[in-house]
Amino acid sequence: MKYFYLTILFLSFNFITAQRALFNQRYTSEAEDFKIDQNKLNEYKKEGQLIIFNEEKHKTKLVKTLLKSRQGKTKTFDKGFFEEEYKILSKQKIPHYRVRYILIDKDRFDTEKAFNNYANKVRELLKTNAFKSVAMQYSMDYNKNVGGDSGWFKKGKTHPVFFAEVTNTNRLSEEIFEFEIPENNWYYFVKKSHSKKDIEEALVLKQKTNK
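Using our numbering, read the sequence shown as starting at 8 and increasing by one per residue.
Please keep in mind that the hints were generated in silico from the structure rather than gathered at the bench.
Quantities reported herein were computed from a predicted structural model and do not represent experimental measurements.
Some clues are possibly wrong.
To be verified - Restraint-style ranges between C-beta atoms, simulated for each label pair: (1) ASN49 <-> THR216: 19 to 29 Å; (2) ASN217 <-> ARG115: 44 to 54 Å; (3) ALA137 <-> THR174: 41 to 51 Å; (4) LEU48 <-> GLU181: 33 to 43 Å; (5) LYS139 <-> THR216: 13 to 23 Å; (6) HIS201 <-> THR135: 20 to 30 Å; (7) TYR149 <-> HIS65: 15 to 25 Å; (8) ASP114 <-> ASN152: 15 to 25 Å; (9) LYS64 <-> ASN123: 35 to 45 Å; (10) SER180 <-> ILE58: 16 to 26 Å; (11) ALA38 <-> ILE206: 12 to 22 Å; (12) GLN45 <-> LYS139: 18 to 28 Å; (13) GLU90 <-> GLN144: 48 to 58 Å.
We treat Cβ as the ideally placed atom computed from N, Cα and C, and that holds for glycine.
Based on the sequences and whatever the hints tell you, model everything.
What follows is the structure, given as structure tokens:
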């Protein structure tokens, strides 16, 4: 029983690690995406915390207020013993993408034959079944729970190989294709489920001041 629980914990850790590594790459494109000089950006980082708010991902009242505010505007919120200031440094429409995918972690297989058998089974199922249902059964990261839906993602936050493959303009709408990221031993089946969408994001400087 102890071995069983350790196995479950190990697999869960692998699922989370794979998903985070795919869509949470170290983001260094603020200057380019938000059209701010890098030196000025470095100065802002010394003054407080830089936060990026996204109109699709962040639905709180605070974010809605900030996204409606003009660039350069500062919003102050009373928190009792201190105040929080949010200065809108830049607002931009950033291209985002969205797909459905099935991840097969090749490290989970003892032999190449075992992996090939698993991949072939997925291929056969995709011929007659909805991609979503196959992903829920056979994908190997946490997005399997939503049928392999990636959610909206952008360049700079996404693994570069994955991003290049799924945003290839030669891909057709609803096309299912395959590729591998060899450095991680990750093999993907991907369905191009959504068109590119420009989503508004705000780069905000958050500062806290005592009263």
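Inset, instruction - Output the numbers, in ascending order, of every earlier hint that fails for this structure. - result: 3, 5, 10 and 12
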